Structure formats: C-alpha cells, structure tokens
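**Q** Read off the chains here:
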Amino acid sequence: MTRLFAHLLCLGLLLAGPSAHAEKIMVAAAADLKFALDEIVTAFQTREPGHEVEVVYGSSGKFHTQIQQGAPYDLYFSADIAYPRALAQAGFAASPVQPYTVGRLVLWSATRDARQLRLSHLTDPKITRIAIANPKHAPYGQRAVEALRAAGVWSQIEPKLVYGDNIAQTAQFVQTGNAQVGIIALALAVNPTLSRQGGHWLIPEHLHAPLEQGFIVTKRAQGKALALRFADHMRSPQARAVMSRYGFVLPGEAAAP
Amino acid sequence: MLSGSDWQALWLTARLAGVVTLILLVLGTPIAWWLARSRSRWKAPIGAVVALPLVLPPSVLGFYLLLAMGPDGPLGQLTQALGLPPLPFTFTGLVVASVFYSLPFMVQPLQSAFEAMGERPMEVAATLRASPLDAFFTVAVPLAAPGFLTASILTFAHTVGEFGVVLMIGGNLPGISRVASVQIYDHVESLDYGQAHRLAAVMLVFSFVVLLSLYAWRAQPGRRR
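Residue numbers (the numbering used here), protein chains in the order written: chain A, 1 to 257; chain X, 1001 to 1225.
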C-alpha cells in the first residue's frame, strides 16, 4: 500500500514538473491585444522554431497584482501604461517601460448597425443593456466611464450598464446578444468575426484621457534571451504592421486603412 | 470596518442563498424521493445529471447558461414568449443559475435520508390507510428531518460559495449580481487588499462556523447521521 502511494506521488510530481523545452516565455497581455498579439506571436514562433511563447489574456489591473505577487510572467503588456510604470518603480521590471500603442474605444453592437450609433443614442429606452469593462481594474472601463460622463449621458445610462471582467468578456456579453451595445476596444471590433456583426463607431479621443499602453520585461525574465528577443520583435516593422492593422498606433504613426 | 458596498454584497449573497435553498427544498425533495424509491432504468441517468454540477467546471455551466439565457437561447426565447425581461445580469438569472449549480447539494443528502428510512415506515402508514401524500408529510418528512437540515445547510453554504457562474452571467452589478465572492475578487483586482481581507475573513468565519455546527450536531451521541 505504501509503495502504491509512493508510486502515485512520484507520478504526480512527474506530471507537475517542468517538461524539457528549449526556451519558453510567458506573456501577460491586456485582453484588447487578443487578436493582434496572437498574430505577432505566430510570426515570431515561425522565426524562432523550437521555442515557445505562451500568452495569457486578462485585465491589466489583475496582471499588475499578480506580478507583484510573483506570477511567472516574463513580459507584461498593459492597456494602461500607469501599471507597468508602477511596477518598474517598485523594482519589478528588467527593461524600461516601452509604450506600444494608444488604445481607442468604440461603440459596438452585434444586433444593430453601430456605425450609426452615438453615445447620446444610448439613452434610447430600446437599449436596455450596455456592456463596459469593469472600471475598477480595466483601463478600457475607466475610459468608457470618462467618455460617458463627458458626453453627458452617464446618469441616464448608468442603470443599464453591465460590467465585463475585462474588455474581451465585455465584447462577449455583446456578441451573445445579452447586451445590445458595448463600449469595447477598437482592436477587438476590427477582428473579422466581430466586424462582420454590426460595425462600430469610433469614440472621439477628446472624450477620455488617452489610453496609453506600455509593456515591460519583468524582473523574473532578466537574462532570458528569448524574452528580450520578443521585446525586440514587438518593435519590428512586421509587428508594427500587424498592430496598425488592428488600429493600434503610436502617436505619429498612421493606422492601416 | 466593512464598507457599505461590502454589506450590500453580503446581504445579496444571503438573499440569493436563502431563495435558492427554499426553491431547491421544493424542487429537490420530489427528485430525491423518486431517486431513493424508483427502480426505473432512468434512475442512473437522472442521478448522474443531478450530480453533474459537482464535477463540471463552473465555467461550463456559466457558458451554457449565458448562451441559453441570451435572446437566441431556449431560456431567452421562453422568457421573451412569456413577456419577461431577459435573465442574464439579473437577480432572477442568478437564482436560476444557482438552482442548477446547487441541485446536488440538496438532492443527495435527501436521497440518502430517504434511502436510510427504508420501505417499512411507508408501508405501515399505508396499512393505517394514510394516503401516500399524507404519509409522506407525517412519516417520511419527520424521519428524514436530519437529512433536510443537512441538505438545506449544504445548499445554502454552497450557494454562498458560488463564484465562477456568477462572474460569467452576472455582469457585476451592485445589489443584483455582485455577491460577496465577486466583491472580494474586485477588491483584490484593484489592489485593495485591506477591504479584501476583511470581507474574506467574514466569509471564512461564516463557512467554518456553518460546517462546525453541522459536524458537531451530527457527532452528537445517539445521533445516527
């Protein structure tokens, strides 16, 4: 019996242990990067065969907390540059904070033509549910609240709001038709699956503080060559081209049509 | 100590767990009775379906419910046909989801209690010309009373501990779907560890006290279960 348990224990440890890999990095990324970063990672991996890049998508605030608590991420892409800046200040970064884009918000719907929608239309009684990201920890949610306030519709539409855990869940609430309209990231709305449904309307930049986004190589990845190469790759023209196709541009850069 | 929104979350959690427990007492009792007595070939499949939420990841349940309750899903079509508001992001929606989620915690203890009782008491009641329903309430229910208590406590406690399903279909609305577990998650996400600690401590103490009383009561001398 004891031998059986010992064997089971060994098996368990074996399964839990790391497998033999050339090199592997873990990337924590804001959920708005879902489609763009997937493409960039695929391109990177064809250039670096044998190595592995794993990406976890979620809300920027959550990753900020997790990295402080020692989460095993080698790079951190945040939808709000304030989070990586705070981490760098606290000594959790192995690279300077690198701005990579300025995010944009859009109105998006899966059930109606969102190109004709404006923030003022959200007061329409036929629209009963509006999804935004949770403003407590998702930068897109914070900016959505700012835009709604600036447009002067906040008090009327606040009772209709539902909160997604991150910007991708917010889009999912809309895609399933459970919310008629959502305020989501432009980068998600231009994805082929979503853009086939309903179209989107770009929310003017002056209605909210800029969504400056930045990434860092974390302290944990110090000396990991693959992490540094991936950071370099993000600055490459190929990666910038993918980013601009998803509407992710840096000040001074032009978005792809 | 606890903020207003924390109290609101706790009260909402208690209300949800209370409503779900009452509904499941009504729905779960006949299911448990049937499972305990039936020799039908449907007994195994129905038993398995009832037990599913024990092993299914809450995200599976949350995903199916979100689609089913949506405007194109069967539950969504049903609520629309009845002229009711859609279920996601509402308290009613959470109740419906939790009834599925906590079903085994009501049915299984009740089923064991009914099985432990055996056929005999009901047969005796029948020979005394009690109708089946009469016998059920005057004989079976008192005999299975400890089972009812265990089932209700477990159902209540398990609903209090619900998180994944609520996160997927709740929409995080204060007073409607922001239950205590979600509120703690939000505090942690926004780096508010102080608030998270206080509310988490309340949940920890509550859960421990509930289970301690249940086990202490079960362990009483002269008590079979």
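Calculated from the structure, these hints are not laboratory results.
Given the structure is predicted, the values throughout are model-derived calculations rather than measurements.
Warning: the hint list may mix true and false statements.
Unchecked claim - List time: in silico EDC-like cross-link candidates among lysine to aspartate or glutamate, alpha-carbon distance up to 16 Å: (1) A/Lys126 <-> A/Glu158; (2) A/Lys224 <-> A/Glu39; (3) A/Lys224 <-> A/Asp113; (4) A/Lys136 <-> A/Asp124; (5) A/Lys136 <-> X/Asp1006; (6) A/Lys136 <-> X/Asp1192.
Stated by the list, open to error - DEER-style ranges, computed between Cβ atoms: (7) A/Pro210 <-> X/Pro1074: 37 to 47 Å; (8) A/Thr123 <-> X/Leu1022: 47 to 57 Å; (9) X/Arg1198 <-> A/Trp154: 49 to 59 Å; (10) X/Trp1217 <-> A/His121: 50 to 60 Å; (11) A/Pro204 <-> X/Pro1071: 24 to 34 Å; (12) A/Arg112 <-> X/Phe1100: 47 to 57 Å; (13) A/Thr123 <-> X/Leu1056: 50 to 60 Å; (14) A/Glu158 <-> X/Val1095: 18 to 28 Å; (15) A/Arg149 <-> X/Val1055: 42 to 52 Å; (16) A/Lys24 <-> X/Ala1081: 46 to 56 Å.
Glycine included, each C-beta is placed from N, C-alpha and C at the ideal position.
**Q** Could you work out which earlier hints the structure fails to respect and list their numbers in ascending sequence?
**A** 2, 3, 4, 8, 9, 12, 13
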